[in-house]
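Just so you know, the sequences run in chain order A and B.
Okay, so the first sequence: first residue is 28 according to this note's numbering, each after it adds one.
Okay, so the second sequence: first residue is 13 according to this note's numbering, each after it adds one.
In short, the hints are calculated from the structure, not lab data.
Computed from a predicted structure; not experimentally measured.
Among the hints, a few may not be true.
Stated by the list, open to error - In silico contact screen, one side only, chain B against chain A (beta carbon under 7 Å); selected entries:
#1 30
#2 34
#3 38
Claimed, not checked - Lysine-lysine pairs mimicking DSSO-like chemistry, simulated, CA-CA at most 27 Å apart:
#4 B/29 - A/79
#5 A/79 - B/116
#6 B/131 - A/94
#7 A/80 - B/79
#8 B/79 - A/53
C-beta: ideal position from N, C-alpha, C; glycine also.
These are the residues of each chain, in order.
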Amino acid sequence: MLILTRKSGETIRIGNEIRVTILDAKGRQVRVGIEAPADVTVHREEVYQMIKKQNILAAGYQDSIVKNLSQVWNKLKNPKEAVE
Amino acid sequence: MKISTTRFGEISIDESKIIHMKTGMLGFEHLKKYELFIQDEENPFWWFQSVDDGSIAFVVINSLAVKPDYEPVITDAEEKLLEIESHDDVVLMSVVTIRSDPFKVTANLRAPIVINTKKMLAKQVVLVDSDFPVQYPIKDNGAVHQGKEKANLFSSVLVL
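Using the sequences plus the hints, can you model the full thing?
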């Protein structure tokens, strides 16, 4: 890992199009400003991991699971029919 | 063109209905082409099937069906990326997580799939500084049908 020391207001450039600026540092918190092209996604790591994990889980369902879910859903919408 | 899928066997798809993702789904960045399948009209759960990899398909639901007042903030940069000219062209879909208890199904409102139906461009947008949860419970509150009406832009999508 490349480690650089920067002061508030100073910037790091990554490639031609990405700029990371240290806006503010107070105690244990650092505010970072990121300028990147629209097709470069920027996420908080923990949010990224959470969504990725959910996507991976969601990509593996079988067709039958959704059919079952749909049946349950329809019963939920029509509770009278479900009783009969 | 025809593609071979794990769940639906070999299916023919109309190339004009292919949704092109700008950055791919998170965790599936290499897959850029998808097709939205409606299994039947009564089923609010649809499939977002990868065209490139037949084994990958996400269960999705129209985000407005889950939360009718859902209005995520899409940045100007993202609107530009997706070539969005009018909000009427936009459909928001949420990835669904299914659990063993079917009443505990959730939808991801934190990272909707934003689709420009006019240009067939999409991106899974991770909302910045948003309180919308990754796992929002889907409840039957009559909203599903309202959402379906709003999703009629996709009425011409291939029905399996």
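Against the structure, the hints come out as follows:
no.	hint	in the structure
1	30	violated (18 Å)
2	34	holds (6 Å)
3	38	holds (5 Å)
4	B/29 - A/79	holds (26 Å)
5	A/79 - B/116	holds (20 Å)
6	B/131 - A/94	violated (31 Å)
7	A/80 - B/79	holds (23 Å)
8	B/79 - A/53	violated (38 Å)
Of the numbered hints stated above, those contradicted by the structure are hints 1, 6, 8, listed in ascending order.
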